[in-house]
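Visitor: Take a look at the letters that make up each chain.
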Amino acid sequence: MNCKGGTIAPMSSGRPVYSIGAVAEILSVPAATLRTWQERYGVVEPERSPAGHRLYSRDQLENLRFLADQVAGGLSPGDAHRLLGERLARGTAGPEDRDGDTPLILLAERDPHAADFAEYFLRTEGYEVVVAMDADAALVKAGELTPDLIKVDLLISGARGLELCRQLRARLRTPILAICTLELRDAALDAGASAFLQRPVEPLHLVSAVKDLLGRSAFIRRGVASS
Amino acid sequence: MIDRLTTGTSRLDVVLGGGLPLNAISLVIGLPGSGKTVLAEQCVFSNASRERPALYLSTVSEPLEKILRYGQTLSFFDPAAVGASVFYDDLGIVVGDKGLPGVLEHARDLIRGHRPSIIVIDSFKALRPYAPDAGEYRRFLHDLAGMLGVLPITSVWIGEYEDEEIAAAPEFAVADAIIAMGSNQAAERASRALRVLKLRGGGFLSGKHSYRISADGIVVFPRLADPGEAEPYTLGDCRTSSGVQAIDDMLGDGYWPGASTLVAGPTGIGKTLMGLHFVFEGARRGERGLIATLQENPTQLERIARGFGWSFAQDEVALMYRSPVDLYLDEWVYDLLDTVEETGVRRVLIDSLGDLRNASADLTRFREYTYSLLQRCSRRGVSIMMTYEVSELFGLTQLTEHGASHLPDNLVLLQYRPSQTSVNRTLTVLKTRAGYHDPGVREFAITADGITLAEPMA
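Protein chains in written order, with the numbering used here: chain G, 197 to 423; chain P, -14 to 443.
Since the hints were derived computationally from the structure, they do not count as laboratory data. Just so you know, not all the hints are guaranteed correct.
[To be verified] One-sided and incomplete, this derived list gives chain G residues near chain P with beta-carbon spacing under 10 Å:
hint : residue
1    : Tyr214
2    : Ile216
3    : Gly217
4    : Tyr237
5    : Phe262
6    : Asp307
7    : Thr377
8    : Glu398
[As the list claims (entries may be wrong)] Listed next, the stretches of chain G that the computed footprint assigns to chain P, with coverage defined by at least 3 CB atoms under 8 Å from CB atoms of chain P:
hint : stretch
9    : 365 to 375
10   : 387 to 397
[Claimed, not checked] No farther apart than 25 Å at their CA atoms in a straight line, the calculated lysine to any residue pairs in the SDA-like style are these:
hint : chain 1 : residue 1 : chain 2 : residue 2
11   : G       : Lys407    : G       : Gly339
12   : P       : Lys183    : G       : Thr377
13   : P       : Lys416    : P       : Val375
14   : G       : Lys337    : G       : Leu393
15   : P       : Lys83     : G       : Pro396
16   : P       : Lys51     : P       : Lys183
17   : P       : Lys83     : G       : Tyr237
18   : P       : Lys183    : G       : Pro396
19   : G       : Lys407    : P       : Pro38
20   : P       : Lys83     : G       : Thr232
21   : P       : Lys83     : G       : Gly339
22   : G       : Lys407    : P       : Asp94
23   : G       : Lys407    : P       : Lys183
Glycine is no exception: its CB is placed at the ideal position from the N, C-alpha and C atoms.
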């Protein structure tokens, strides 16, 4: 017997165990809402007991937790389900294993369309996203939420983006990804931005830039922690 | 300078100064059947990849089913790409159910799902009636353009707009490029022609450019009105023989290389034969020749040549035969220039210039094309002889009215001269550029050896 410390065999994450009432309680989502999600989107389909009761597995519970988080974060249930569907299709089901620490990205945006797409593509990659539509709100949220990365549109609030970068840099070591239609690379870097991308940016480029910057910041954090 | 995206048809890219403006909105307008959908699909299939796919959105004009059914008859249409790198979708249902806000929402979802590099909306004009008023439509345009503008997406909007709508319809203000596809009507002949009406961020070739729709898609023939490359060039100073010693003597030792010669005269006088002398003399000296004929078909011409001891097969003389019926001048000129480029010919016979004149819709265009052709050949050192039939059998009142005499470097006139018992043939060199010529009138005969000049008349 090689069960260390006498632990019991881990419960299979795919086995149906939780009743809809239990899931509703765990997630603080009404059972009626869970039923509606299932009927309307059909992404999380619980098994049925012989008596016809819904039974959810741990994986499904985590998927529902993901949905509830996304909806609480402002996404429509339809978008949240689409997001989950894509993650499931890619084989990255459930919440990312980031030691319980999903990176938070603050988007300081001027254009609602740009904010919408950036939020969607970053959430699809498993990041938490908060949006600020003017420079002052961005400063406040950066202070309150201590995001892991801040993306700044340099034309925000009547082109106050460079100033915003300087203000953020004066207070935080957070990586700043500056984005602009105008070629302001040098100005952005001088203002404290960690990287600059010129619009329009391919979604994949945005995501890989974010990953690179977060990778670097994780390294810095580790370096700071170990020193 | 804004980057460009290939349209999938290289000569249209030339017209557009490199292609469609990248990450911008291009409007392709024209009447039904003018090839707008073909052009859009050509662009889609030549650019789409799995990483950067294309979205083709039909609306309420042409059903998606029909677009696909016709699309797959085109050579570039790859059925395997559909669903992998090219995604078709129908906006018709959405716009019917939810109006223009539904279109925006659906477009947003498709962009999120596919991350496309190209979006075609066909037909865009069909969306307009779904806006309750002009203000709503402008808001929709603004939102859509805004959404497309934040990502690297090149959009092609197609519509059956008429010319008078260009000033009024707001989508024309939003568009970065406008391509109008239509036709040129001259007498009972209609030929397709396209124009670039607007192109932000770069130059383009103005004017009307002919095009055809084939199984390979849109084929464009950019208007030729210039001499080609602007770089200075040098011509050889070694004269080229006409193939008839006596004519060379009259010209002061033959033609200059790269020169053009027009041989004018009435029917049956021997113009084609003079051309054959010119081309086969070149072949004898190791210069490849090309006969671009609209008169005799290859069999007829081979027989004529054989009668004088020449052979196309042996002498490396190529033939480019096109029927003068339904000939398109621009297409013909491009074919000829391509052949010259590819085969490295040094001497070209065009038989006849009159057939080209008849095939062109207007005289100005004919002059532009002839000028461009002669200039381009001259720059390559390719010598050209052209035949031109005049209607007068005896005597000649005017040559300039034919619109051809001022272009060539050399002008040779062949004429009949009636005598009491027979009709004689005469030859006169009317003009040679950059050289001396014998201005005399010489009689000549056609024998088994070809053109034979008599001694100068006293």
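Visitor: Now tell me if each hint is right for this structure.
Guide: Hints versus structure:
Taking 10 Å as the C-beta cut-off, the interface hint given for G/Tyr214 is violated, the closest approach to chain P being about 31 Å. For G/Ile216, the suggested interface contact is broken, since its CB lies about 29 Å from the closest CB of chain P, more than 10 Å. For G/Gly217, the shortest C-beta to C-beta distance to chain P is roughly 34 Å, which exceeds 10 Å, and the interface hint is violated. Given the 10 Å rule on beta carbons, the hint for G/Tyr237 is violated: about 14 Å separates it from the nearest Cβ of chain P.
Because the beta carbon of G/Phe262 sits about 17 Å from the nearest beta carbon in chain P, more than 10 Å, this interface hint is broken. Residue-level restraint check for G/Asp307 holds (minimum Cβ-Cβ distance to chain P is 6 Å; threshold 10 Å). Proximity of G/Thr377 to chain P holds as hinted, the smallest CB-CB distance being about 9 Å (cut-off 10 Å). The interface hint given for G/Glu398 holds, since its Cβ lies 5 Å from the closest Cβ of chain P, which is under the 10 Å cut-off.
Chain P is given as covering the stretch 365 to 375 of chain G, and this is violated because 0 residues of the stretch bring a CB closer than 8 Å to a CB of that chain, at least three being needed. Here's how the stretch 387 to 397 of chain G fares: 3 of its residues keep a CB closer than 8 Å to some CB of chain P, so the rule of at least three is met and the hint holds. Annotation: proposed proximity of G/Lys407 to G/Gly339 holds, straight-line Cα distance about 22 Å (limit 25 Å). As the CA atoms of P/Lys183 and G/Thr377 are separated by approximately 23 Å, the hinted pair is consistent with the 25 Å bound.
A distance of roughly 17 Å separates the Cα atoms of P/Lys416 and P/Val375; the hinted pair therefore holds under the 25 Å criterion. Taking the CA atoms of G/Lys337 and G/Leu393, the gap is about 23 Å. The hint holds against a cut of 25 Å. As the CA atoms of P/Lys83 and G/Pro396 are separated by approximately 29 Å, the hinted pair breaks the 25 Å bound. A C-alpha spacing of about 30 Å is found between P/Lys51 and P/Lys183, which places the hinted pair above 25 Å, so the restraint is violated.
For a cut-off of 25 Å, the pair hint linking P/Lys83 to G/Tyr237 stands: about 20 Å separates their Cα positions. With a C-alpha separation of about 22 Å, the suggested pairing of P/Lys183 with G/Pro396 holds against the 25 Å cut-off. The hinted pair formed by G/Lys407 and P/Pro38 meets the criterion: a straight-line CA distance of about 23 Å does not exceed 25 Å. A C-alpha spacing of about 22 Å is found between P/Lys83 and G/Thr232, which places the hinted pair at or below 25 Å, so the restraint holds.
Our distance criterion of 25 Å between C-alpha atoms is broken by P/Lys83 and G/Gly339, whose separation comes to about 41 Å. Between G/Lys407 and P/Asp94 the alpha-carbon distance is near 24 Å, which keeps this suggested pair within the 25 Å criterion. Annotation: proposed proximity of G/Lys407 to P/Lys183 is violated, straight-line Cα distance about 41 Å (limit 25 Å).
Hint violations for this structure: numbers 1, 2, 3, 4, 5, 9, 15, 16, 21 and 23, all remaining hints satisfied.
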